[in-house]
Amino acid sequence: MPRTKKNRIIQRAPNFSGFKPFGVQNPSTSEVMLHYEEYEAIKLYDYDKLNQEEASRMMHVSRPTFTRIYQSAKQKLAKALVEVAVISFEGGKAIIGIAWYTCTDCDIAFSINNDNGTKCPLCGSNDVTENK
Amino acid sequence: MIIALALSENHNNSQIDQHFGRCDWYCIYNSENKEKKFIANPNRDNDEGAGCNSAEMLLEYNINVAVAGRFGNKVTVFFRQHNVQMVIAKEDQTIEYIINRIKK
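Just so you know, the sequences run in chain order A and B.
The first sequence: position 60 = 60 (the working numbering), numbered continuously.
Start counting at 1 in the second sequence, then tack on 1000, and there's your number in the working numbering.
Pulled out of the complex, with its shape left as it was, chain A reads as follows (with noise of 0.2 Å):
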């Protein structure tokens, strides 16, 4: 049985679910499943160009394996472009590496400090609740 898969750290998990393409005929019923770190992966490299070395350790997995999650989500884009395949996050072992709050009064999303507890940092509303 091969060993599993450490856990990929991820910042933050994206706010949509996927991509469709658009203008086509016959859409295609194929589909493309982009895991949650390889689009971390994506988005640290060629986003907020970080090299491989930084990106791997913002994920906590070694430069290897890093190089591994980026080809592999290269791979599934250039699948999903040309196969005209719809995108969808999902799947993949990442948990996220700091927690996100939102307060459902100022429809804000917020990060927590260890002293101040779980309050909105605007309108001091305990009516919070934590993003999975």
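Think of the hints as simulated: they come from the structure by calculation, not from any bench.
Backbone N, C-alpha and C fix where the C-beta goes; we use that ideal spot for every residue, glycine too.
One thing to keep in mind: the hints can contain errors.
To be verified - A few chain B residues that face chain A, going by a derived Cβ cut-off under 8 Å, partial list only:
1) 1057
2) 1059
3) 1073
4) 1076
Unchecked claim - Covered, in the sense of this in silico footprint (three residues per stretch, anywhere, with C-beta under 8 Å from a C-beta of chain A), are these stretches of chain B:
5) 1035 to 1042
6) 1094 to 1102
As the list claims (entries may be wrong) - SDA-like mimics (lysine to any residue), calculated; alpha carbons at most 20 Å apart, straight line:
7) 1090(B) to 32(A)
8) 1036(B) to 123(A)
9) 119(A) to 1045(B)
10) 1090(B) to 14(A)
11) 1034(B) to 1052(B)
12) 43(A) to 1059(B)
13) 43(A) to 22(A)
14) 43(A) to 65(A)
15) 119(A) to 1080(B)
16) 43(A) to 1102(B)
17) 1090(B) to 1045(B)
18) 74(A) to 112(A)
19) 1090(B) to 128(A)
20) 119(A) to 1083(B)
21) 76(A) to 119(A)
22) 1037(B) to 1064(B)
23) 49(A) to 1052(B)
24) 1034(B) to 123(A)
25) 49(A) to 67(A)
26) 1090(B) to 21(A)
27) 49(A) to 1083(B)
28) 1037(B) to 1059(B)
29) 1103(B) to 1048(B)
30) 20(A) to 119(A)
31) 1090(B) to 99(A)
32) 1090(B) to 1048(B)
33) 79(A) to 95(A)
34) 1090(B) to 9(A)
35) 1036(B) to 1103(B)
36) 1036(B) to 1093(B)
37) 6(A) to 65(A)
38) 119(A) to 1060(B)
39) 43(A) to 1064(B)
Go by the hints and put chain B onto chain A.
Frame of chain A, contents of chain B only:
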């Protein structure tokens, strides 16, 4: 409480910018004396480290809370180390909205 807001324009009706490091303006707002101060973002066209440079600059104003549409990964780590709370605002929320939400 002193909060820093990432803005697209430098007036009171400006929307919160969607990216912390790459916004055009920052507003430093002090909720005690209700003073606002607009600063242009000098790092917005940097190739990398835009967020961190701005975060360091804002820390000099002793901010407790930072507001933007989205924070980069380096900035998230940096603000956590320096005990600055991060607030993620929705796209259509303006600086007025955020400031008015602050409990008197």
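Go through the numbered hints given earlier and state which of them the structure violates, listing their numbers in rising order.
Structure breaks hints 1, 2, 5, 7, 9, 11, 12, 13, 16, 17, 18, 21, 26, 27, 29, 30, 32, 33, 34, 38, 39.
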